[in-house]
Each structure stands twice: as C-alpha cells, then as structure tokens.
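Just so you know, the protein sequences line up as chains A and B, in that order. When we follow the numbering used here, the leftmost residue of the first sequence carries the number 1, and every step to the right adds one. When we follow the numbering used here, the leftmost residue of the second sequence carries the number 1, and every step to the right adds one.
It should be emphasised that the hints constitute simulated quantities derived from the structure, not laboratory data. One should not assume that every hint holds.
[Claimed, not checked] DSBU-like mimics (lysine-lysine), calculated; alpha carbons at most 35 angstroms apart, straight line:
#: 1; chain 1: B; residue 1: LYS362; chain 2: B; residue 2: LYS59
#: 2; chain 1: B; residue 1: LYS47; chain 2: A; residue 2: LYS171
#: 3; chain 1: B; residue 1: LYS428; chain 2: A; residue 2: LYS171
Here the structure is a predicted model, which means the values were calculated and not measured.
Number of protein chains: 2
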Amino acid sequence: MTVGLAAEVSAASPDAVRVRELANELFDALRSATGDGVGITRASYGKGESAALDIVDAKARALGLPTERDAGANLVVTFAGSEPQLPFLACGSHLDSVPQGGNFDGAAGVVAGLAVLAGFKAEGFRPRRTLKLFGLRGEESARFGKAYLGSSALFGRLSAADLAVMAADSKVSLGDCMREVGVDVDRVKNGQPLLDPKSVAAWVELHIEQGPVLVARQLPVGIVTGIRGNLRHRVVECVGSAGHSGAVPRWLRHDAMFATAELITHLDHHWRTLLERGRDLVITTGVVTTDPHEHAIARIPGMLRFSFELRSQSKETLEAFYDLFLSECRLIGEERGVEFRLDRRLESSPATMDPAWVARLKQAARSLGLPDEEIPSGAGHDAAVFANEGIPSAMIFVRNEHGSHNPDESMAIEDFVAGVAIMRSALKEAAA
Amino acid sequence: MTVGLAAEVSAASPDAVRVRELANELFDALRSATGDGVGITRASYGKGESAALDIVDAKARALGLPTERDAGANLVVTFAGSEPQLPFLACGSHLDSVPQGGNFDGAAGVVAGLAVLAGFKAEGFRPRRTLKLFGLRGEESARFGKAYLGSSALFGRLSAADLAVMAADSKVSLGDCMREVGVDVDRVKNGQPLLDPKSVAAWVELHIEQGPVLVARQLPVGIVTGIRGNLRHRVVECVGSAGHSGAVPRWLRHDAMFATAELITHLDHHWRTLLERGRDLVITTGVVTTDPHEHAIARIPGMLRFSFELRSQSKETLEAFYDLFLSECRLIGEERGVEFRLDRRLESSPATMDPAWVARLKQAARSLGLPDEEIPSGAGHDAAVFANEGIPSAMIFVRNEHGSHNPDESMAIEDFVAGVAIMRSALKEAAA
Numbered sequence: 001m002t003v004g005l006a007a008e009v010s011a012a013s014p015d016a017v018r019v020r021e022l023a024n025e026l027f028d029a030l031r032s033a034t035g036d037g038v039g040i041t042r043a044s045y046g047k048g049e050s051a052a053l054d055i056v057d058a059k060a061r062a063l064g065l066p067t068e069r070d071a072g073a074n075l076v077v078t079f080a081g082s083e084p085q086l087p088f089l090a091c092g093s094h095l096d097s098v099p100q101g102g103n104f105d106g107a108a109g110v111v112a113g114l115a116v117l118a119g120f121k122a123e124g125f126r127p128r129r130t131l132k133l134f135g136l137r138g139e140e141s142a143r144f145g146k147a148y149l150g151s152s153a154l155f156g157r158l159s160a161a162d163l164a165v166m167a168a169d170s171k172v173s174l175g176d177c178m179r180e181v182g183v184d185v186d187r188v189k190n191g192q193p194l195l196d197p198k199s200v201a202a203w204v205e206l207h208i209e210q211g212p213v214l215v216a217r218q219l220p221v222g223i224v225t226g227i228r229g230n231l232r233h234r235v236v237e238c239v240g241s242a243g244h245s246g247a248v249p250r251w252l253r254h255d256a257m258f259a260t261a262e263l264i265t266h267l268d269h270h271w272r273t274l275l276e277r278g279r280d281l282v283i284t285t286g287v288v289t290t291d292p293h294e295h296a297i298a299r300i301p302g303m304l305r306f307s308f309e310l311r312s313q314s315k316e317t318l319e320a321f322y323d324l325f326l327s328e329c330r331l332i333g334e335e336r337g338v339e340f341r342l343d344r345r346l347e348s349s350p351a352t353m354d355p356a357w358v359a360r361l362k363q364a365a366r367s368l369g370l371p372d373e374e375i376p377s378g379a380g381h382d383a384a385v386f387a388n389e390g391i392p393s394a395m396i397f398v399r400n401e402h403g404s405h406n407p408d409e410s411m412a413i414e415d416f417v418a419g420v421a422i423m424r425s426a427l428k429e430a431a432a
Numbered sequence: 001m002t003v004g005l006a007a008e009v010s011a012a013s014p015d016a017v018r019v020r021e022l023a024n025e026l027f028d029a030l031r032s033a034t035g036d037g038v039g040i041t042r043a044s045y046g047k048g049e050s051a052a053l054d055i056v057d058a059k060a061r062a063l064g065l066p067t068e069r070d071a072g073a074n075l076v077v078t079f080a081g082s083e084p085q086l087p088f089l090a091c092g093s094h095l096d097s098v099p100q101g102g103n104f105d106g107a108a109g110v111v112a113g114l115a116v117l118a119g120f121k122a123e124g125f126r127p128r129r130t131l132k133l134f135g136l137r138g139e140e141s142a143r144f145g146k147a148y149l150g151s152s153a154l155f156g157r158l159s160a161a162d163l164a165v166m167a168a169d170s171k172v173s174l175g176d177c178m179r180e181v182g183v184d185v186d187r188v189k190n191g192q193p194l195l196d197p198k199s200v201a202a203w204v205e206l207h208i209e210q211g212p213v214l215v216a217r218q219l220p221v222g223i224v225t226g227i228r229g230n231l232r233h234r235v236v237e238c239v240g241s242a243g244h245s246g247a248v249p250r251w252l253r254h255d256a257m258f259a260t261a262e263l264i265t266h267l268d269h270h271w272r273t274l275l276e277r278g279r280d281l282v283i284t285t286g287v288v289t290t291d292p293h294e295h296a297i298a299r300i301p302g303m304l305r306f307s308f309e310l311r312s313q314s315k316e317t318l319e320a321f322y323d324l325f326l327s328e329c330r331l332i333g334e335e336r337g338v339e340f341r342l343d344r345r346l347e348s349s350p351a352t353m354d355p356a357w358v359a360r361l362k363q364a365a366r367s368l369g370l371p372d373e374e375i376p377s378g379a380g381h382d383a384a385v386f387a388n389e390g391i392p393s394a395m396i397f398v399r400n401e402h403g404s405h406n407p408d409e410s411m412a413i414e415d416f417v418a419g420v421a422i423m424r425s426a427l428k429e430a431a432a
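Bound-form chain A, shown alone (with noise of 0.2 angstroms):
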C-alpha cells in the first residue's frame, strides 16, 4: 500500500505526524480515563461517555477551536467560514461505547473530525462553509436498547416513550439520564428538533468496521454505500410455567427454555433459507436469562428473557422476517402452551450514503493512492439518522481485527491516518 501514495498519509509527513500524535493522546487519555478492567465503558447519557466529551473538549480548546454544547448535550467543536451563512458540514460520530466495549468505536470518528479540524486551523486554511464536529451522545443501543439516541434527539425524533425507558443497568429512566448531563428534555420529550436538517449541507463520519471485511481483503479503508436498518424488542419473555423437574412429566411440561430453543432453531432454518435466496439479514439474541431470583437445576424455568434483534438492508425483508417470527411465537406457544410477551418494537430505518458524497470520497483516495472500494454497513451508525432526515451522509470506514463490542478492537493508526486523510480531502474541497 505504500506505492503511489500521497505526502498526507505517508508515515513521515508533517500531516501524518501531527493526526498520529494526536490520535494517540486521545486514544490514551479516553482509555486510561474510561477503562473498566477488561475493555472500556462509556454507558450512554452516563458518566464514562460525559468523560469522554470533556477530554475532547478540552483538546479542541487547547488546539484554539472554540467548543459548545449543544441543546441535546452533544459537543461541538466549530471551524468557522467565511460565509457563515450557508449550510454547515458536519462531521463526527459517537463517544459513548457498550460495557466492556473497545476504544475506537465511535471515538475514531470524533478524533478523526478533531484531526481535520485542527489541521485545517494549522495550515491557515479559510473555508467559504463552517465545518462542525460533532461528538454525539447515546448511539449504542445497550444501555436503553434502542440505537442512535442522540442524533435522534437532535432531529426530535424520539417520543415520550422512548424518553420512559429504564437503563438496563439502573432504575433511571432515559429522560432522567439525559435532564442529568443537560439535555434540553422539554424539546426533546415534545418532538422538536434540536437542530434544522436545513443548516446541514453534509454529515461525514469515519468509523471502524465491526465486521471482518477489510482485515480479510486488506483493505486500510472502505466507503460506505449503506446502512443496515433494525428491528428489535429489548425484552421478549417466553412464559410457561414453573415445576419440579423431576416430578412433570414432557407432555405437562410448559418449559420456557426448550420453548425459547426451539423458536431459535426454527428462525436459524428460516435465516439460512433466506440467505440462499440472497436476502441480506442478521438475527441475535444477545441477551438470554431465565430469573436470577427463582431458577434453580431442579426447577422447569417458568420464564425466559431474551432480546431479539434483525438487521438488514431491506426494509421488506426485516419486515417478512418479522412476521415470520410472530408466526413461530404463535404456534410454538400453542403447541407447548408457553406465551411470548413482547415489548415495545424499537425500529431504524435502513439507509442509503449519499451518492455524490461516496464518489467524492472515492475520488479524494485515489487522489492519495489509497484503494476506493466500497463496503456496506451490516452495524447501524448515526450516518443513518442524518441521512434519512434528507442531509447527503457518507461514511469512511478504517480496518479493525477482532471485531467491535469487545475489548480486542484492534485498530493500526496509519490506517486511522489514511482514513483523516481522504475525511479532510474530501471536506476541504466541499468548504472551499
């Protein structure tokens, strides 16, 4: 990859020095600041992700960018244009992380967005447009099980219910959670927009990839085209009913969990037949538990929670999935005399990249010898909110071993150089 490559992301250059120092200041302090022993952990409108938002803060206002909160909380850091006028470019991701988590996803974006920033301001450059970067709350959707809080909120995309959700990890409510770091939760609550869709001429976001793409192609960088969309209930509960284990025999049995196994093996068959039909679609159930207050070994479980999630990039097909899977809790309950009670349906939107922004993007790597191939995005990012609220979105995604969610994300900082290379290529020439 080294051949043909331009100055800004060759290893020795001024640029790529000064967005590797600070890449890794930040990345140290995030880590050493919101560690938990085993990985890091920024819970959503909490205090390891408000951790989060004062370091980068302070940075940018060290660096001479002025910095804001904004009505939902969120960090703003502004490069002003000369034409202030004019729709802004926003750029940015999200700082708070799933328990245990890793350290670049979500923070490469904001660093990333700091790192063009500042080396805009280094250079003297003095764009026509502002450009905005966001560091944004609540994406993750562990602790309060919907995705993309924050930049929902900014668009007034979240209702009294969303707001009444109690965090998995405490009896506090999202509201509560939000009024706490200063979220204006009257606008939020009443479906006013923070921020006019208007104002915004483009969102850009660099992210790691949670998949294994890049790494098994070799890729340093992607360009998004797309953003799986999501179905999902936080809690689905099979109940039967509880008994001696020994004492009823199978055919009394009303067993949430050999219930629960079997709906699971029966969607599995479902999926792979989809798949061999070409149909995109990924199903989880990431948490599963019978009750921590009356299970026993000798004791049928009465009851099984469990989450249940698809993702796919057709909104047809998460809804025929889901339709299938109303129809297996139907008649696996008749057969066994179990009942699934669902929650609430949370939903987001699949997404389309900005067509012009994605061959933007792609030109402004060829132009610095980088591969410009395109990847979709089988995990859900705030680009997907901007983008269905009508703003040209884009997304750059930087090679990552290990996966995301877990502690062993693994992300090569040139890489990340290479990644704030074609970000601040392709921002420059839209300021301009």
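For chain A, the structure is supplied; the task is to place chain B on it using the hints.
Here is chain B on its own, set in the frame of chain A:
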C-alpha cells in the same frame, strides 16, 4: 373417600384433631419464620433451614420428646423403645427448601414424624424398638448443585470436592456452611459415616407428591415404589465468540445461544423418541444465562451458561442419554465453532423401595379404608440415599396441587392426616 374410613382418619376423631392442630401450628410457624415475601426460603445449611430445625426442636421438647443434633447437625427426636439394642426405626424428611419455594416440600415429612411420635407418647404406647425422627438438612440441590447433602453426609458419601463447592447465593463453600451450623466437617471430609446403616432398621418418609398424578387420579395418598436417579452438570458453558451483531455475517458467527438452542432442540427430539420407546426420562435446563457483565442486544453472545439435568428410574437410560448429550455437544461444537465446557458431573443413583415395607404401607392404608395405590417418584428424596445404603426404605406421597419448588404448593390437611395415619399404623406394627 369417606365411606369405610377408620376412626384415626375421620375428621372428628381425637387422633385426627391432634394431628391437624399440630400440623397447622407448625406449618404456620415455619411459614412465618421463613417466608420471603413471595414463597418461603430455607437455604440448605443456611439461616432459614436452621430456623426450621429450631421450631420443630422446640415443639418436640414441649411435647416431652428428647431432642439432639447429630454430627451432621440434623435434628434428631427420639422415642425410646424397651429394647434399645435393636436397630431403630427412622422417619422424617428434610427441612431445607429451594429459594421462593413452598412450605410443605420436606417439612411435611418432619411434621408427620413428630405427629406420629407425639401420638405414641400421648397414648402411652411402649414399643420394643426405638423410633427416631430426623429433620434433615441439605436435601435440595438449588444452593450447592448436588442433592441429598444431609443424608449423604450421614453415610460418609460426600467428598472433599463436594465440600469445596461454592454456594450459588454467596461466596462460601459447602464445607464452611456446614461448619457454621455445627456439622463435624472433618469426619464428613474423610468420608466417615456419622450413622451406621446397620443401626437403622428402616427409613420411612412422608412427602408431598411434586407431580400431578395423585391430583389427576383423585387419590389423597400413594405408596412409592422407586425413586429416579439423576445426572447433572451444575454449569455447562457454551463458549463461542462475541461480536457486533450487525457486522458479523451468519457463516462467521460462533453464537453461544444459537448453538445451545440447537443442542437443546436436538436433545428434545431424542427425548421424545426415547419416551415413545417406553423409557423413563426427563431433561431440564433450569438455569440459563448470558454473561450479565457483557451481554447486550447488539452483541453476539460469546458465552452462555446453563445447568443440565437428566433424571430416570434406569441407570442405563441415564448413561445412554448422557453419551448422546456428549456426542451432540461435540457435533454442534464442531459445526458452529463453539465449545461446550462441562463442570464436574454429579450423580444420584436411582433407588427401589423395600418390597416388604411397600406391602406393609399398602396393608396399613387398606386397613384404614384408604386407597393403596402404588406410584413411582419422579423427584429425588433422601429415601434414595437410605435405600442405597441397604436400609429398607419406604415413602408415602400426599396429594398436592400446583407441584412443588414454587410458592403455590397446596396440600389439604385432611390428606396429610391420612398419610400420617398410614405411617403411624405401619411404624407401630414394626416397632411393637
């Protein structure tokens, strides 16, 4: 059931009145001392269990019966015979319970024994053989994974490995919990019997039925013919790889929940096949959980823990199905790139009740105008341990609605009185 009933079991007889009063008093006292708000909790070698022993102990002494704690810290109430050198007749059951369990599972047999001894004393009966009532500890497996701890300790059948097992509800070992309540742990650890099986002429245990058979057949009592054995793993760990749910496609997943669901569904099919061939078997996975420290809706579960239990009246069926289980673990493990890790295998042998005692109990039932129906025990009981030590053992089941190991156990006191009358009649004949 009222036609032809003997005086002892007709509701207005002095015997029936005395048994009913004693039972109501003791069951009320037990419930109020060990209620947990939902059901009752008398943890094996824990506080609730000790409280239950104290309640029965105090009542026995109030009735003029001498009491002691044996080297296993069990309650022993003695009604001395005129020929104390003869092997004694033992009766009783256990006083521990599962968490949020019912008031009768175990306690009914201890109250029944006290009612019998108190009745003998009240009427001035002078037996040749001594009678002893045991209020045993540690029958339930909920806290330490293994059942029959109290009776196994009595006969030197616990190992150092058993004593090292940690409680499910605290970080204390079985050995330490035993020492805490006064067990002579050094003798137990060395496998020394605390009670010589040759000194015991018989073990007679009354217990609520934990299945639905007596209710369905409208029988107040049943005479037990045999007791199922079991094979158990307290914890099977399915180890796959965690990953971002959106980013890892199906063919790269090592999902611990989907693998376990498939395992259980396969075992369920095999189970159905064996039942169709007339084999006796039940399979239970009572405790199932992803890792609460790292599970999340958007994370492929890299690990799932579950308990595994097989029960059968046939040792051969247990071993054959266990082999099938191991082979399914291997096959699914290979296919899905996961590993099923098994902790120590625990086992309890099936047991046959003594034919002469079964005949004696049936004869006693008939002479009281009660049904003498035979019934196998699907659940395990301390009687299995006594039987497997060569002690002639027998059990009376009392009808009970809603099963056991839950707060809804429901035993009518009239049915209990009938069971006590059978026990009393048979013990009187054997002791005379």
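| field | Hints the structure fails to honour | value | Checked against the structure, the only hint that fails is number 3, while the rest are satisfied.
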